[in-house]
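Dock chain one against chain two, each of which comes alone in its own frame, and use the hints as you go.
These protein sequence lines are chains A and B, in that order.
Numbering follows this note's numbering, in which position 219 of the first sequence is assigned residue number 219; successive positions increment by one, without gaps.
Numbering follows this note's numbering, in which position 194 of the second sequence is assigned residue number 1194; successive positions increment by one, without gaps.
Treat the hints as calculated values from the structure; they're not laboratory data.
Be aware that a few hints might be false.
Beta-carbon label-pair distances, calculated as ranges [as the list claims (entries may be wrong)]:
(1) Pro1027/B - Ala65/A: 54 to 64 Å
(2) Thr79/A - Trp1083/B: 51 to 61 Å
(3) Asp273/A - Leu1300/B: 29 to 39 Å
(4) Ser1280/B - Leu253/A: 41 to 51 Å
(5) Ser1280/B - Trp26/A: 23 to 33 Å
(6) Pro1077/B - Ile205/A: 49 to 59 Å
(7) Asp32/A - Arg1244/B: 29 to 39 Å
(8) Trp26/A - Trp1085/B: 43 to 53 Å
(9) Leu1070/B - Leu52/A: 28 to 38 Å
(10) Ala189/A - Leu1230/B: 45 to 55 Å
(11) Ala189/A - Ser1228/B: 45 to 55 Å
The C-beta atom is built at its ideal place from N, Cα and C for all residues, glycine as well.
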Amino acid sequence: MTAKTPSFSIGPRGWVLLSLLASAVWASVTLDLDVRRLVPTEGGWSVAAEFLARAVSPALTYEAAVVPAGTQPLLVKATEAARMTLAIAAAAMSLALVAGGTLGLCASTFWWRGTVRGVRRRFPFVVAYAGLRILIAVMRSVHELFWAVLLLAVFGLGNLTAVVAIAIPYTGVLAKVFSELIDEAPRDAGDALDGLGASRFQAFIFGVLPRALPDMGAYAFYRFECALRSSAILGFFGFPTLGYYVTASFENLHYGEVWSYLYVLFVLIALVDWWSGQLRRRLVA
Amino acid sequence: MSANPFRDARVTDDRETLIRRLWQDRPRSRFVHWSGGLLLALVVHGWMLGGVNLSDVLSPQRWQNVERFLTELRPFPLQGRAWDWSVAGQWTLELLREKAWPAAVTTLAISVLAIVLATLGALLLVLSAARTIADAEPYLPGPRPPGLIRRLGSGGVVAGTRALLTFFRAVPEYIWAFLLVAMLGPTAWPAVLALALHNTGVLGKLGADVVENLETPALEALRGVGGSRLQIAGVGILPAIVPRMLLFVFYRWETCIREATVLGMLGIVSLGYWIEDARSRNHYDEMFFLILVGALIVLLGDVLSEIARRVMRTQQ
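Excised from the complex, chain B in its bound form (with noise of 0.2 Å):
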């Protein structure tokens, strides 16, 4: 791409020949060529695996099913009788006051505590994680070069916080969840531990990075008139990192909830726990309401969220 062909094109040159140097000239990658077609080829794959037969799917069985599922979405009183407000109501109620809102308090709860923990495990591994301030003499050299056992023992101080946050971040949440139950039993603490080492895990790797990016000529200034690593953190490096951590808190905790109406399918009881119990007695009636009800919740964090971001925003 050294040529530029604008400069290049002779006086002489007409359009046409302009256009097609400059066609000709287009930055190109093989490597961006090669991966093209080695996503189409894993798309032809997928589609070829099997399990994907047009004609079982359109095939007048399984339009009874469809037909029946839908007929089955229908509050359960009112299946094969013409529709009914005032029953229709009194269904709804019922399964809210004794399922739905519950679950829903439940799941909002667990992803709140879960992301306000994460946060703090986070806020607690960000600094040693972070390649500046971990630093054997950070932001300014000291009197004497470092000696190399300070120097392996910071460094390793930073790549166990990093593996560590990894770690966290790399195992599923519902691994987590299945590992925590097993160790503390039916609570809502696995749920709400496993949502909060998994965001751990996340929050904690975007912070470092932030404080890694942090402009250094106040944290230069702290260090240079004597200030400890706990000292500068206090009083430069949090203040400045809370507003990026907040945004990154938020965007978090609308997949935390999301994740949280799903891992009480196994067995604490959030929204999922009662969609699947219901799955399970085949009422598909209620699993139908209490999916809206998550999604529900669902929409309701996205636009928190998004208002608490504008709040944060106007102070900028």
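The following block holds chain A by itself, in its conformation from the complex (with noise of 0.2 Å):
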């Protein structure tokens, strides 16, 4: 045995790191950025500091100078506004549900890659399974943000508009993550279904889905949490949730009442998280 010559060698990592090296120094050539220019201003500083300072000083009540009588007290509002971001987050996300669960199962190869009957493998069913995989990967790629703005513009400004305009790209997430699921859960059960004779349909319904039932679902929990940001944010558009009044507020430097809304919004999320660590740990054991 001769000793190994040391060589020097990258490996594929190796180049990986580089090219992200090098796409980052393209990247900052490209934006023509200038390091100067992340010297905030005086103003710039200023900003920062209040709006930072305000953090461990949540508004409870209005900094407006006058507050027009008859508005309800801001914890009020606010509540409101995180009933109104869950309910149209749960509402969105039944609907992706419906729709990326029914797109995911079809959408998984155990449908296309016929183990026992190859009829599948024929022209239309591979048109039928390209033509599926595109829509999904549609739906998913556009932001739900755009959406909004696509369906703003036949529908008008309404609790609808926001539902469809979250479901949309949620129904391709769940429809991609749900039929990876399905493909990677043990196909065991299934196949002795199959071997004793059941029809395709009975082997996936009883001997597929149950494995890949409970990661689905913890899946999708993560998804309601993500749904839910994703609907604060839409408030940017004008639609009543958080994120609407929290622009209002930056806007009119009221950092405060800003903070007031963002920590509604964590504590709705970290319920969320918490919730569906809870059901995660009793769901996949």
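Dropping the structure here:
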């Protein structure tokens, strides 16, 4: 045995790292970024200092000098906004679950790669499968804010617009992940049922799906958390969720109020996070 | 669930009884049941909010709206005329040259720079956020048990760093961007930094968890021969976490591209800027085209990151 000659090779991972760095250099040249522009103006500093200082002292009442009579107290309004945020997220998720679940089941390779009956490889099926995949990819790759922009032009500013705008990309994501989870779930039970002469459909429902269901549930709950965030962000377009009040307060320079709304959002997300953690522990044992 | 129905089944049990017993003894959790009920209630509440009026949605006026909208999606020079490929091609090229292409490049550049900065930021914070290496006596007990002050100090460093990461992550990108635009004015920096800050929070947390879950023998050995924290980190920890971190980086990069397109709506010239601009002028043809371009670069990012992940997997 001769000793290995030490040779310099960086390997695939090294190449990935190098190209990452190279593209960062490309990016900063393209964006024409000047480090000197990173130093905020004096006004900039005071804005930042004021904003961050209010993080520890969020407002409990309105900061405006004159509050119109009959306005709800700030905390009531924040709770109301949180309720809207939650409601829109829940409605959107229910829609996405139905649509994404259906698409995801259809897009799982179980149906398309015939293990026993090879008939499914025929041309029309291949086209249908490709079409399904493209549909899922398009739904997923347009941001919910852009779906909102498109739908606003058609349906106007209503809660349904917000619900559908969130539901479409989430359908795409759920469909993609569900189909992957089903593909990765153990096939033993499904194959056994197949061997016993169960129909394709029976084998799927009783053999394959139950193995993937806990993971699917856990993932769906995680997406619910994301939907809350999306729902809050949609407020920037005038939907009555938390984002709406955040922008309004920000533009009025009422930073304390901004933090009050943000903390309500944090609490909401933390609650759902805790809930989904508890559920995941029980579902994916 | 202590009872095993298979074991408890008496030999005399017929199949029906066995199945019934299995069903009775299936794992059940009151928590899951109540959660399901609560979720259902939330969904029902969501749909009863109002603003969801089916008769309104299906009214003929709505459909006229939809029809008008669809005709307005046609390239402007072709509206109300027969389709002509040369005109459509010219319209597309012009839009691409003037807006879509530069904005798409900007969007990509913002996302790349943001994710690289976020990675560097996360790497800086990962060590002090990991309980194992930031411990008063990392990996091996020292000659004497650490005093109260040193224990509190290291605990404080970990808790502080974790809190900072949570803070970065909890504030949405858009809020960071709002603040940074107010601070720095309308350059590309606010978009880059907003995405970088948020993702530093995400990557830092994921990275710290990876560090805490590392196999310890090698690190204990390094400590045993007198390695300092920095030395252990440089030789033992960093090389070990790079593969996992890179996977996370590429996952996050995909979301970065999505968010970078949208951040243009705050006045930074990425795709979102022109989309918002087209929307405010009611140029739906242009808006639709630009949204499609946005979808394309998101897909491109997906493909690129999938390739990178596959390349790295070949090495493992």
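- Query: Regarding aspartate 32/A and arginine 1244/B, is the given constraint of 29 to 39 Å on their beta-carbon distance met?
  - Reply: Taking Cβ atoms as reference, aspartate 32/A and arginine 1244/B lie about 34 Å apart, which means the hint holds.
- Task: Check the following: the C-beta atoms of proline 1027/B and alanine 65/A are separated by a distance inside 54 to 64 Å.
- Result: Because 59 Å falls inside the window, the suggested range holds.
- Query: CB of alanine 189/A to CB of serine 1228/B, is that within 45 to 55 Å?
  - Reply: Given about 53 Å between the Cβ atoms, the range holds.
- Message: Against the range 23 to 33 Å, how does the distance between the Cβ atoms of serine 1280/B and tryptophan 26/A compare: consistent or not?
- Response: holds, 32 Å
- Message: If I claimed the Cβ atoms of alanine 189/A and leucine 1230/B lie 45 to 55 Å apart, would that claim hold in this structure?
- Response: holds, 52 Å
- Starting from the range 41 to 51 Å, see whether the pair serine 1280/B and leucine 253/A falls in it by beta-carbon distance. About 24 Å separates the Cβ atoms of serine 1280/B and leucine 253/A, which means 41 to 51 Å is violated.
- Item | Assessment of proposed distance window 49 to 59 Å (beta carbons of proline 1077/B, isoleucine 205/A) | holds, 53 Å
- For the range 51 to 61 Å, tell me whether the beta carbons of threonine 79/A and tryptophan 1083/B fit it or not. holds, 53 Å
- Message: Tell me if the beta carbons of aspartate 273/A and leucine 1300/B are separated by a distance inside 29 to 39 Å.
- Response: Holds, since aspartate 273/A and leucine 1300/B (Cβ atoms, about 32 Å apart) stay within the stated range.
- Message: Against the range 43 to 53 Å, how does the distance between the Cβ atoms of tryptophan 26/A and tryptophan 1085/B compare: consistent or not?
- Response: For tryptophan 26/A and tryptophan 1085/B the Cβ distance comes to about 34 Å; the hint is violated.
- Falls inside 28 to 38 Å, the C-beta gap from leucine 1070/B to leucine 52/A? At roughly 47 Å between Cβ atoms, leucine 52/A and leucine 1070/B fall outside 28 to 38 Å, so the hint is violated.
When the structure is compared with the earlier hints, violations turn up for hints 4, 8, 9 and for no others.
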